[in-house]
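> For reference, the chains in residue letters:
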Amino acid sequence: MSTTTADTAPRTPQSPRVLGTRGLTTVQRHPLTIVLALMVLVFQLSTGSFLDAANLRGIATDAATTAIVAVPLALLVISGYLDLSVGSTLALGGLAAGWLAGTQGQSPAVAVLGGLAVGAAVGAVNGILCCYLGLSAFIVTLGMLTAVRGLAQQLFPLPLSDFGTGFAWLGGARIAGVAAPVVIAALVVVTGAMFLALTPGGRHVFAIGVNREAAYLSGINTRRIPFLLFVITGAAAALTGAIRASVLDSAVSGTSGAGFELTVLTAVLLGGVALSGGSGSVFGVLLGVLFLGALQNGLTLLGVPTFWQLMAQGVALVAGAALAYFGPRRTR
Amino acid sequence: MTVANLRIRGLSKSFGGAKALDNVDLTVPAGQVHALLGHNGAGKSTLIKCLGGAFAPDAGMIEVGGTSYARLNPRESIAAGVAIIFQTLSVVDSLTVAENIFLGQERIRYGAVNRRAQETLAAGLLERVAAGCAPRDRVGGLPMGQRQLVEIAKALSRNASVLVLDEPTAALSGAESDALAARVEDLRTQGLAIVYVTHLLSEVERLADAVTVLRDGRVDYHSTASGHSRRQLVTTIMGRASGSPPPRPGRAGATERGHGPSDDSAGPQSRPEASGGSGALDARSGPRNSEVTPPAGSSAPGRPAVPSRSVPDGPSSVPHRDPASVVDDKAPDPAAATAGHPGLTVEGLAGAGFGPVGFDVAEGEIVGMYGLIGSGRTRILETLFGRRHKSAGSVRLGGRAVAPARPAEALAAGIALVPADRRAQGLFATLTAQDNVLLPGLRSLARGVLRSVRAERRTFDAVAAAVSLRPARPKLPAAAYSGGNQQKLVLGRWVNERSRTNVLLLDEPTQGVDVGARQEIYRVVAGLAAEKRTAVLFASSDPEEVVALAHRCLIVARGRVIGELAGAQLTEEALLSAVHDTPAEGAA
Chain A
1 MSTTTADTAP RTPQSPRVLG TRGLTTVQRH PLTIVLALMV LVFQLSTGSF LDAANLRGIA
61 TDAATTAIVA VPLALLVISG YLDLSVGSTL ALGGLAAGWL AGTQGQSPAV AVLGGLAVGA
121 AVGAVNGILC CYLGLSAFIV TLGMLTAVRG LAQQLFPLPL SDFGTGFAWL GGARIAGVAA
181 PVVIAALVVV TGAMFLALTP GGRHVFAIGV NREAAYLSGI NTRRIPFLLF VITGAAAALT
241 GAIRASVLDS AVSGTSGAGF ELTVLTAVLL GGVALSGGSG SVFGVLLGVL FLGALQNGLT
301 LLGVPTFWQL MAQGVALVAG AALAYFGPRR TR
Chain B
1 MTVANLRIRG LSKSFGGAKA LDNVDLTVPA GQVHALLGHN GAGKSTLIKC LGGAFAPDAG
61 MIEVGGTSYA RLNPRESIAA GVAIIFQTLS VVDSLTVAEN IFLGQERIRY GAVNRRAQET
121 LAAGLLERVA AGCAPRDRVG GLPMGQRQLV EIAKALSRNA SVLVLDEPTA ALSGAESDAL
181 AARVEDLRTQ GLAIVYVTHL LSEVERLADA VTVLRDGRVD YHSTASGHSR RQLVTTIMGR
241 ASGSPPPRPG RAGATERGHG PSDDSAGPQS RPEASGGSGA LDARSGPRNS EVTPPAGSSA
301 PGRPAVPSRS VPDGPSSVPH RDPASVVDDK APDPAAATAG HPGLTVEGLA GAGFGPVGFD
361 VAEGEIVGMY GLIGSGRTRI LETLFGRRHK SAGSVRLGGR AVAPARPAEA LAAGIALVPA
421 DRRAQGLFAT LTAQDNVLLP GLRSLARGVL RSVRAERRTF DAVAAAVSLR PARPKLPAAA
481 YSGGNQQKLV LGRWVNERSR TNVLLLDEPT QGVDVGARQE IYRVVAGLAA EKRTAVLFAS
541 SDPEEVVALA HRCLIVARGR VIGELAGAQL TEEALLSAVH DTPAEGAA
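Top line first, the protein sequences correspond to chains A and B. Per this note's numbering, the very first residue in the first sequence carries number 1; after that it's consecutive. Per this note's numbering, the very first residue in the second sequence carries number 1; after that it's consecutive.
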């Protein structure tokens, strides 16, 4: 108790002076860190094996595929848009990559690049409709979610498998002891965080999300930036699809990535990205991704049935939103 | 007829530090039309919103039909009998006239809406306002004037006793305006207390039984004298300004004046100094036309210091500036202006809703565009900035043709715009002050692909000092600043060393800006013109602002330039007359 007062006392005179977010510590800005830490503690105490290296690797690999899409999606949401089609894009991209590697016998690199191109194309369609024609991102990408799933089923009516050992490298290889998907995800997270915080383009993303008209009148390219984010998000979804196809050595047009869009969006929103655009951080999104991964893994270890896990995810999202709304940061 | 249907006493309301309403009194007896005048940001809309229950006043009381309220919520306001017809009407286009009138108070029979009863009642109400439309007409298909009458009919259906009309003729045609005036006269004889907000003196002359002019949240002028002739009103309202000349930010001493307001937060005592930059602001409390009743608020602290400032020449000397000094500070550098190297040249420019217009703005010159809202000033500015497409004409900058298709192209050519609607078009409210100032120029400050923290901070500090931003804190969100300092953030974007601004366009540069910040903004703009030879073109509906800031002023009406005032002719009275004496027909 005495340490707490000693800790807060010197900060108090400063805090009224600093009304901005600067005065907030990382923990204050991301209450999810505490929740995540507590949750890890509880899971470790109740299962005894949660923090085992093997289990953590499992969580990391699971979280990696979410993170690869969550980061570009977060940037898209910060810029005031939304992409609900990533689940279907994941399926189509994974199938395309698998088909190139297996049925067509292409090299793994060509297969992955082919899958990425398919995903980028889906993203470009979203981007043109939303950014250049000004249609609602919610409606466009909701439509694309269904349409792309239909396209995948039309093109690949049968499940694909046997993609070859080269292709299996993508999901199974270890780079310095770390699984390849985790390395890819780490690259995506670092690149995204650096772009958002350290480049002019990152500031432009915020500006467009806060006030698109003011950004336009300030000479910022308010179409190309979100358009590119749509393309990147699509490509990222396809990459995740290829990774999953590689791990499983199979892809099914009807079920691959079904519901993935909602998981990713949940992670993004849990991470403190405002659905209305203009605020959020890659660090927060990473926390959101890890939280969802840890929650699912821990509950599975505890033998909690799936429907309880889904309920926990949903409750966490709503509770997170409530926390953000009623929490201490509410300045207006 | 002597029953006061609306009495407002000592109403005050502040936003942050700025007083939007300061001890305002207003009495409107039943059967009277009370005209409420004032420039943008004078407090008219705040007053109306307190009446309608959108804002809770800090102090004072509102009495409607004998019942006093310290504050109203929207429902209480309606129940008390107040009806407000806003400029942006609140009718639902997809519903019928009758449905709109009874929206929220539907006549129910057998658990369903009784259409027939509503339509019968609506027909009666529509007749009362001579709306000329049927209860079953869709509101979306009606012209503006009729929609407005539908809303008035709705107010009558709620037994409103106080009717507030907020610039009702702003969106109406001449014929519609006449029809509305006739309706207002009818309603007056039916015993309603009517508050009529307007910019148009012709309407005051025709309709008003009493006049109140608000300025900077205070009652600046009040008169219950009947039979206001327009001429009389102009001189009466302007009479207060016949003292010392308004500030000339362009001339020496502007800097010293500009620093005056920097301690305006110190307390009421500093207020005279704060507005000391503006002779016109103070002079209104000076010698007045005898007809003027001093407002109750004039005894407020801060005013007593004013009489000592009173100026030798009396209220009668209306063309009040010394011609010699006028020449000196009006034409900043006549040689440069006539040297055949004009900054901005506009010829035959036309677009949706305006034109053709032609004018030029020399390097270092500040040109105003004075006109009422909807006269096309904003469209002209937005077209120059590439926000709107032109249909004809040419724009040249330094002799070279520029035709920006997008704002980004205009900025690349050195043309910048400070838009009128700060919140919707200018500010990034949740981003930091530094981001707000630097966003357009971040790329030029970056080293390679990465932002340079040091260069950004240095540039921000320089801009903050140049525009007297307070507080000058880079990480503070823009939303935390006062209106005036928010405007400095938006303006600061183009004061930035990195943004080569050859032409600065400003739309209502001090709308919603407090007095102190207003002077600082004038100083910054004048400094840009004087030191960086920026050509400045600004639009304003505030004659005082035009006189304070402009070297030369274009009179804009109905999308055209109908006149020009410069030198000794550029007075507030001349501006008011120029617009008000040339109604619908326009072209003079």
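These are calculated hints, taken from the structure and not from any lab test. Since the model is a prediction, treat every value here as computed from it, not as a measurement. Just so it is clear, CB atoms sit at the ideal spot from N, CA and C, and this is done for glycine as well. Misleading hints may appear alongside valid ones.
From the structure, some residues in chain B lie toward chain A, with a derived Cβ separation under 7 Å [stated by the list, open to error]:
{"no.": "1", "residue": "V92"}
{"no.": "2", "residue": "D166"}
{"no.": "3", "residue": "R443"}
{"no.": "4", "residue": "R447"}
{"no.": "5", "residue": "G448"}
Label-pair restraints from in silico Cβ distances [what the hints assert, rightly or not]:
{"no.": "6", "chain 1": "A", "residue 1": "V178", "chain 2": "B", "residue 2": "R454", "range": "48 to 54 Å"}
{"no.": "7", "chain 1": "A", "residue 1": "G143", "chain 2": "B", "residue 2": "G398", "range": "28 to 34 Å"}
{"no.": "8", "chain 1": "B", "residue 1": "H389", "chain 2": "A", "residue 2": "F326", "range": "44 to 50 Å"}
{"no.": "9", "chain 1": "B", "residue 1": "A472", "chain 2": "A", "residue 2": "F326", "range": "30 to 36 Å"}
{"no.": "10", "chain 1": "B", "residue 1": "A79", "chain 2": "A", "residue 2": "A321", "range": "54 to 60 Å"}
{"no.": "11", "chain 1": "A", "residue 1": "M194", "chain 2": "B", "residue 2": "D58", "range": "30 to 36 Å"}
{"no.": "12", "chain 1": "B", "residue 1": "G111", "chain 2": "A", "residue 2": "L45", "range": "44 to 50 Å"}
{"no.": "13", "chain 1": "B", "residue 1": "G111", "chain 2": "A", "residue 2": "P305", "range": "56 to 62 Å"}
> Indicate, hint by hint, whether the structure satisfies it.
The hints, checked one at a time:
no.: 1; hint: V92; result: 22 Å, violated
no.: 2; hint: D166; result: 24 Å, violated
no.: 3; hint: R443; result: 5 Å, holds
no.: 4; hint: R447; result: 11 Å, violated
no.: 5; hint: G448; result: 9 Å, violated
no.: 6; hint: A:V178 x B:R454: 48 to 54 Å; result: 36 Å, violated
no.: 7; hint: A:G143 x B:G398: 28 to 34 Å; result: 49 Å, violated
no.: 8; hint: B:H389 x A:F326: 44 to 50 Å; result: 47 Å, holds
no.: 9; hint: B:A472 x A:F326: 30 to 36 Å; result: 33 Å, holds
no.: 10; hint: B:A79 x A:A321: 54 to 60 Å; result: 36 Å, violated
no.: 11; hint: A:M194 x B:D58: 30 to 36 Å; result: 48 Å, violated
no.: 12; hint: B:G111 x A:L45: 44 to 50 Å; result: 59 Å, violated
no.: 13; hint: B:G111 x A:P305: 56 to 62 Å; result: 46 Å, violated
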